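Starting from the given sequences, assemble the full structure and let the hints guide the process.
Residues 4 to 89 (the working numbering) make up the sequence shown, in order.
FYI, nobody ran anything at the bench for these hints, they're computed from the structure. Be a bit skeptical, because a hint or two may be false.
[Unchecked claim] Restraint-style ranges between C-beta atoms, simulated for each label pair:
id : residue 1 : residue 2 : range
1  : H26       : L79       : 33 to 43 Å
2  : R22       : F84       : 13 to 23 Å
3  : F84       : K24       : 14 to 24 Å
4  : N39       : T15       : 17 to 27 Å
5  : P66       : L27       : 29 to 39 Å
6  : I43       : R19       : 46 to 56 Å
7  : R83       : E37       : 32 to 42 Å
8  : L27       : M4        : 11 to 21 Å
9  : K24       : P66       : 38 to 48 Å
Keep in mind that this is a model prediction, so the values were computed, not measured. Using N, Cα and C, we set each Cβ at its ideal position, and we do this for glycine too.
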Amino acid sequence: MATSTITSRGQTTIPRDIRKKMHLQEGDRIEWVERNDGHIEIIPITRDAADVAGMFRDWVKKPVSVEDMNKKARQLAAARFRQGLE
4 MATSTITSRG
14 QTTIPRDIRK
24 KMHLQEGDRI
34 EWVERNDGHI
44 EIIPITRDAA
54 DVAGMFRDWV
64 KKPVSVEDMN
74 KKARQLAAAR
84 FRQGLE
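Structure (structure tokens):
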């Protein structure tokens, strides 16, 4: 059984074993739900699409237009076609 202490600010640390079992990481959010039997349930809040998209913002160098994507697709298709002829 794991235990933790509540600080003067009402904060507590979720024990490492519990965090691992729940796949919780720093910055994750959890929801506290009181069940009908009086027990409290801790539920991880899943990330929404905006949070996930934000994880990749450093990978994006600049916006790409549809025309540029189509041009690149044609170039790659032509290159694959030429490779097939060799």
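* Outcome of range test on Cβ distance (L27, M4; 11 to 21 Å) -> Holds, at about 18 Å.
* To do: With 38 to 48 Å as the target window, see if K24 and P66 comply at their CB atoms.
  => 41 Å, holds
* Asked: R22 and F84, beta-carbon distance inside 13 to 23 Å?
  -> 52 Å, violated
* K24 and F84 - C-beta distance against the hinted 14 to 24 Å -> 51 Å, violated
* State, for the Cβ atoms of N39 and T15, whether the hinted interval 17 to 27 Å holds or is violated. => 24 Å, holds
* So the hint says 32 to 42 Å: do the beta-carbon atoms of R83 and E37 match that? -> 59 Å, violated
* Determine whether the Cβ-Cβ distance between I43 and R19 falls within the hinted range of 46 to 56 Å. => Violated - the Cβ-Cβ distance for I43 and R19, about 20 Å, lies outside 46 to 56 Å.
* To do: Take a look at whether the Cβ-Cβ distance between H26 and L79 falls inside 33 to 43 Å.
  => 37 Å, holds
* P66 and L27, beta-carbon distance inside 29 to 39 Å? -> 34 Å, holds
Of the hints listed earlier, those the structure fails to meet are numbers 2, 3, 6 and 7, in rising order.
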